[in-house]
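Participant: Keeping their order, the protein sequence lines are chains A and B. Heads up: the first sequence begins at 217 in the numbering used here, then just goes up one per residue. Heads up: the second sequence begins at 487 in the numbering used here, then just goes up one per residue.
One should not assume that every hint holds.
Stated by the list, open to error - Cut-off 20 Å, straight-line C-alpha distance, at most; resulting in silico cross-link-like pairs (DMTMM-like, lysine to aspartate or glutamate):
hint, chain 1, residue 1, chain 2, residue 2
1, A, K273, B, E518
2, A, K501, B, E526
3, B, K763, A, E416
4, A, K501, B, E689
5, A, K488, B, E689
6, A, K488, B, E684
7, B, K763, A, E503
8, B, K763, A, D251
9, A, K273, B, E689
10, A, K252, B, D738
11, A, K461, B, E689
What the hints assert, rightly or not - Across the chosen pairs, the derived CB separations fall in these ranges:
hint, chain 1, residue 1, chain 2, residue 2, range
12, A, D251, B, Q640, 21 to 31 Å
13, A, Q281, B, L654, 52 to 62 Å
14, B, D880, A, R286, 51 to 61 Å
15, A, D515, B, T655, 55 to 65 Å
16, A, R309, B, E956, 21 to 31 Å
Said to hold, decoys possible - Stretch-level coverage of chain B by chain A, calculated; a stretch enters the list once three of its residues show a Cβ under 8 Å from a Cβ in chain A:
hint, stretch
17, 577-591
18, 595-606
19, 676-686
20, 707-714
21, 739-751
Since the hints were derived computationally from the structure, they do not count as laboratory data. On a predicted model such as this, the values are computed, not experimentally measured, just so you know. We put the beta carbon where it would ideally sit given N, CA and C, even for glycine.
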Amino acid sequence: MVFAAFWNKIKQGLSKTRQVFGRLASLFRLRGKVDKEFLAQLEETLYLADVGPAATKQIVERVRQAFLDREITEDVLGFVKKELVSLLNHSDRSLHFNPHGPTVILVAGVNGSGKTTSIAKLAYWLQQQGKKVLLAAADTFRAAAVEQLTVWSQRLGCDIVKGEHGSDPGAVAHNACEAAVARGKDVVIVDTAGRLQTQEHLMRQLEKIRRVLARQIAGAPHEVLLVLDATNGQNAIQQAEVFTKAIQCTGIILAKLDGTAKGGAIIPIRQKVGLPVKFVGLGEKLEDLAVFDPQAYVDALFAD
Amino acid sequence: MFQTLQKALGAALQKLTSRGRLTESNIREGLEEVRRALLEADVNYHVVQGFIERVAQKAIGQQVIRSINPSHQIVKIVYDELVQLMGPVDHRIPFAKDRPTVIMLCGLQGSGKTTTAAKLALMLKQQYQRKPLLVAADLQRPAAVEQLVQLGQQIGVPVYREDNGKPLTVCQNAVAYARKHGYDTVILDTAGRLHIAEMPMEELREIDRAVKPDQVYLVCDALTGQDAAGSAKAFHEVLELNGVILTKLDGDARGGAALSIKEVTQVPIKWVGLGEKIEPLEPFYPERMARRILGQGDLILLVQMVARAQEELDQQRLRELQEKAARGDFTLEDFRAQLTQLERLGIRKIVGALPGMEEMLQELGEDPEQALRRIRGMIDSMTPQERRHPEIIDLSRRRRIAQGSGTEPHEVKKFLDQFEFMRGLMRQVSQMSLWERIKLLMGLTNLAASNPQALQKPKVGTGHRKSAKERAKERKKKRRRRG
């Protein structure tokens, strides 16, 4: 079900992209040899998906070496897709749960990447699996961020722990853990303020939140999810690098994949940082979150 | 990044001797590096292709400046082209005199509209001495209204809100409210939406039609990648944007989106947002953005250095040419060099700068640009011997030249006659007056070398936004003209 919806949404977006540009690689309709033109089109497709220079060059080079001057058949498409799927395939794409007590999920990302909405959707997803969720509104910085998460908690019918605007986010994290243990919750999701990875003091603050969580519950945070905006370009790589260095991210939520952007930066991120994508965001509604499916994602990159 | 680009360019161009000329083959590798740098900076793939083509056109044929590294010369060309593409920017806002000016902000989710609305209000209040009213028209995102109210309190700007209602009626009522209570500028903070979502885009169109905002600005995230071009274009098609505000520039994103958006929509980036703290927006400067896209570093020093070296070279060569002209041994080779050199100034200025030139072009009976292209073609089709001694060109040589340049033999003859006439004229012109001409010309060259925008006129908004009907009419007209 979700798989089909995922596929369709991405495809929808893709056809719109084509309307905007008037042309997009009809890559694998080509007949003939794997020649310069074919490779140029492959390159174009990858670049337009934000895969970026280094990874694009590498993929194109591998195809060139494997197929140069051979007839183009489904093989090439299969080859390219297989390469990408195996790259994105990560044995560790599921969520880790704490077997002894509440599971703590720390969520971070740059401003406007879609953290709060993603958290609401993730909470809903967990609720569907029968988990009792508690939200921690540790974005005490942005105006009305706490109110925003509160509205979601009401819609979800789940508990929320908040702090005063401008208060210490570490304290909110601390209180949330205590409340989760006391109330017997299964999962705590900690929302944090958006920050650019270049703001060092804010990155240190994030490290502190992580430390607070680790002190409260054994093995916490059990998941550290980075919310990436699929419309972002190559800066996403820096985001993944710096956030992972600071708080040891365990996975990515790729948000806003329902538009025309493909979020291809997850490919170089996988190569350089090793971070797997765990979920994709496909809209503003609670049910618009899907488990990441590398095959469906790669198919959508090359769909025509 | 910049250092990488510089190094790569340096390696690619090492083979160039100091006396060489930039040619298609010897700059190819260098341009490949530029291309990669632009893609790394998230400039849209299609925009990059076109850009590289233009840079190549400009670079080919340029004399390598002896005193500097040829790679620097290419960086300078790239930089100039970037600045020219993204500029010039007019930071004025045309305000209505007899009613509140309405400014509408739109954009994708998470691009920073609400924060930008507050920053814009603060800028208008502090720097434009306006009395702004913020309007919370984002009824989609939970607590977006609350967020704007809190930001309004921080900066002392009132926020118009309605708790029940549709975005359209909120906007309409807000404008009436502003009129009644003496607010002179209304800022509409609309909900973030996807450019491909039909209903939400239709809602924007309805607000545009009913409220008729004086200015519509797209708020765009500087972190955006390839998608920037397409989404900006889609918003522009629905709304006719007046400007773009680029946000989150305080990070380390290279911001290639700026170039993509300008190239695809022709709408200027007007301001930039730096950080979540509510401070006034800052003006957008194409020079700074060009430096950012190419990577930081001491680029501006380099650019100045190249400009200076180019200037010296120009001066020296003009002096040489002037001496030659006085002696009367001005050849077609010199003439061609002169054309290449002066091309930067625009064709019409060349016409004024060379005695006899105007007559020559008139004789060819075409518009000057085309005529010059044909002349250049003719000279390119000659042997070096012929260029130095045009008098040896007989009928058969004339035929060959005509064939090589896609012209007629009689045109070649006419051109050569004109050239002979011009050469005579140059001989006659006294050294002093020619020097005067050159000095005048050099003034212009300097201007163009140090400031590529100097010869460009900024586009100034009239404050009049066309209605959907007028736009439709214009499109029709355009289509008819094309078809």
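Participant: Decide, hint by hint, whether the structure agrees.
Facilitator: A quick look at each hint next to the structure:
As the CA atoms of K273/A and E518/B are separated by approximately 12 Å, the hinted pair is consistent with the 20 Å bound. Restraint check for K501/A and E526/B: the C-alpha separation of about 33 Å exceeds 20 Å, so the hint is violated. For the given pair, K763/B sits about 16 Å from E416/A by alpha-carbon distance, which is consistent with the 20 Å threshold. Between K501/A and E689/B the alpha-carbon distance is near 19 Å, which keeps this suggested pair within the 20 Å criterion.
Between K488/A and E689/B, the direct Cα distance comes to roughly 42 Å. Violation of the 20 Å bound is thereby established for this hinted pair. For the hint linking K488/A to E684/B, the alpha-carbon distance of about 38 Å lies beyond 20 Å, and the restraint is violated. Between K763/B and E503/A the CA atoms are separated by roughly 33 Å; this puts the pair beyond 20 Å, and the hint is violated. A threshold of 20 Å between alpha carbons decides the hint, and for K763/B with D251/A the separation of about 52 Å lies outside it, so the pair is violated.
Between K273/A and E689/B, the direct Cα distance comes to roughly 42 Å. Violation of the 20 Å bound is thereby established for this hinted pair. Distance check on the hinted pair: K252/A and D738/B sit about 34 Å apart at the alpha-carbon level, beyond 20 Å; violated. The suggested pairing of K461/A with E689/B is violated, with an alpha-carbon distance near 43 Å, which exceeds 20 Å. For the pair D251/A and Q640/B, the supplied restraint of 21 to 31 Å is violated, since their beta-carbon distance comes to about 60 Å.
For the hinted restraint 52 to 62 Å between Q281/A and L654/B, the CB-CB distance of approximately 58 Å keeps it satisfied. For D880/B and R286/A, the hinted distance range of 51 to 61 Å is satisfied, since their beta carbons lie about 55 Å from each other. Between D515/A and T655/B the beta carbon distance is about 44 Å. The supplied range of 55 to 65 Å is therefore violated. A hinted range of 21 to 31 Å is violated for the C-beta pair R309/A and E956/B, which are about 53 Å apart.
Requiring three or more residues with a Cβ within less than 8 Å of a Cβ of chain A, the coverage given for the stretch 577-591 of chain B is violated, as only 0 such residues are present. Residues of the stretch 595-606 of chain B with a Cβ under 8 Å from some Cβ of chain A number 4, which satisfies the need for three, so the listed coverage holds. Coverage of the stretch 676-686 of chain B by chain A holds. Counting CB-CB distances below 8 Å, 3 residues qualify, and the rule asks for three or more. For the stretch 707-714 of chain B, the stated coverage by chain A holds: 7 residues have a C-beta nearer than 8 Å to a C-beta of that chain, and at least 3 were required.
For the stretch 739-751 of chain B, the stated coverage by chain A is satisfied: 4 residues place a CB nearer than 8 Å to a CB of that chain, which reaches the threshold of 3.
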